[in-house]
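**Q** Here's the letter readout for the chains.
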Amino acid sequence: MKYIRAFKDKSARQIMLGIAFFSLLLLLVIGVSLLLKALPIMKEKSLWALLSSGNWKPFKGEFGFLPYIISTLYVSLIAIIIALPLSLLSGIYLCTYASKTISRIFEPVIDLLSGIPPVIYGVWGTLTIVPLIANKIAPRYVEFSSGFSVLAGGLVLAIMILPLLISILLEVFRSLPKEITDASLSLGATKWQTVKKVMLRKSFPGIIAATVLSVSRAFGETIAVLMVCGNIPIIPHSLFDACYPLPALIANNYGEMLSMPNYESALMFGAFLLFIIIVIFNAISRLTLNQIEKRFSL
Amino acid sequence: MINTKRQEEIFFKILMIISICVIMSILLFIIGTVLYKGLPALDWDMVSKLPGGGFYLGKEGGVLNAIIGSLYLISGSVVISLTLSVPLVLFINFYLPKKSVFASIIRFSFDILFGVPSIVYGAFGFALMIFLGMRASLLGGIIAVALLIMPIMVRSFDEVTRLLPRDLPDALLSLGATKYEMSKVILRQLMPGLVTAILLAVGRGIGDAATVLFTAGYTDNLPNALNHPAATLPLSIFFQLGSPVEEVQNRAYASAVILTVIILILSFSARYFSSKYSKNKI
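Protein sequences, first through last, are from chains A and B.
All residue numbers for the first sequence refer to the working numbering, where the first residue is 1123 and numbers rise by one.
All residue numbers for the second sequence refer to the working numbering, where the first residue is 44 and numbers rise by one.
These aren't lab readings, by the way, just hints derived from the structure by calculation.
Some hints here could point you the wrong way.
Residues from chain B shown here face chain A by an in silico Cβ test under 7 Å; the list is partial [as the list claims (entries may be wrong)]:
id, residue
1, 55
2, 57
3, 58
4, 64
5, 66
6, 68
7, 75
8, 83
9, 87
10, 155
11, 160
12, 162
13, 163
14, 166
15, 253
16, 257
From the three backbone atoms N, C-alpha and C, an ideal C-beta is built for every residue, glycine too.
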């Protein structure tokens, strides 16, 4: 009986250890297998040629990722410009001014926003944002825009990264020791002065980390962006031009890529690029956030 | 001087309240738009019938294939990711020493996996399937979605597990239980937290389109084997919306209502369980 119990315990430990190692390897396995798939195209063309050329003609064997990279950056930039002030203001409000009732109402709102699937955001975007841009906003600035544009993608993405941004910002603000803000308030500073001179300054690294995390979330968003961006492989010159972010490119071409070996490899190169950038961004910002947590919890 | 100080404070306070209101109204606006467009097209046939002949030209039928496909897919992936996540979380919390470097490396790697976008999981799943010689199938979709939801499950289950008072495991161990027996008792104690984690993961997995786009394929029939392709709700919305026929587009909105309702139910029950849990916290 005793041996059976010990045996069970030991084998459970071994299995758990195995799972732990497997999960550690997962990240590596994903990276390596995407890289292996991307190798054929990387052998044929230099990394620089792939990244800096704007020519995308799969049938002639030309794969330039520049339009897609620019589109992704442009859309994500718009998204963070819209989302950051909104989330900073509401995060500060929830941490300092808000009554319990308001927080209790607001929390489920954030949960629901983060729970809504990308495809629903896409549907909503095509129903509201796209016509709004095509009929109301764009005619004031340019002659014609279909509405499927950088701005539409940026707006939809902004809403999609709001929940992540706000919840990390709240975590950052709440990890600040109460003594600092109390000290500032007791010296006669108003609440807003405390926010401006103490809270924001002290949590600056955290805010940067939260921003980087949200930007990398925006980089990888696929379906919603695919539905509102227009998907034309050119370098967008204005907010109202259509664009074609990298994830949308991968998602749109999965069916036809099998017929041409280089095409598949090129798309996998896109996925690898996305993966590596997002992993680096995530690693840096998570390390920063962990450090903040450790420093203040001591 | 005092006056400008006050004015600044009031100005920013108003801005804050506005941004809170904007965020809340965006949520209402999104749900409102989907319901407004979708409800008129929603009828019993939508949820009870398979797509009939000419469904994509506006003839009759429903999206039962996608609903059932999504359910199959998510249950399979929940089973897979549960069998991996639960032992993993118990291991890093109770088997490894408290300030273990190994545990923090694992936590860190799941933080990063959490940030990896679903399209990358989809591409990886696709590469894996080609390597194994599989076609787009239910099994492929299950594996890809399991990878997608595992970080969500691990992170949220780990969060609850870390909050568990250490007295309970200590008491169990001092009574002579092995760590394995201890884990079984603790798991029961952690059940509400685990349910919340599962509901969160299901919510994310059932709504994701980019992972299943490559891996699960699409079909008008019910999937009746693991190696058959399976339709999913998000893809069904996506494909129907791409149709030029107005009736089909309306059905996309109706399908969006179905998906939104599923998500709302999941989200509210997750909240219910987690609030129940925090009330029982020792």
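**Q** Next, verify each hint and record whether it holds.
**A** Comparing the hints with the structure gives:
1. 55: holds, 6 Å
2. 57: violated, 10 Å
3. 58: With Cβ-Cβ at 6 Å, under 7 Å, it holds.
4. 64: Because about 9 Å separates residue 64 of chain B from the closest Cβ in chain A, which is outside the 7 Å limit, the hint is violated.
5. 66: holds, 6 Å
6. 68: violated, 10 Å
7. 75: With Cβ-Cβ at 10 Å, over 7 Å, it is violated.
8. 83: violated, 14 Å
9. 87: violated, 22 Å
10. 155: holds, 5 Å
11. 160: Hint holds; residue 160 of chain B Cβ to chain A Cβ min 2 Å, cut 7 Å.
12. 162: With a closest approach of 4 Å, the residue 162 of chain B hint holds.
13. 163: holds, 5 Å
14. 166: With a closest approach of 4 Å, the residue 166 of chain B hint holds.
15. 253: At 4 Å from the nearest chain A Cβ, residue 253 of chain B passes the 7 Å test, so the hint holds.
16. 257: At 5 Å from the nearest chain A Cβ, residue 257 of chain B passes the 7 Å test, so the hint holds.
Violated hints, in rising order: 2, 4, 6, 7, 8 and 9; the structure is consistent with all others.
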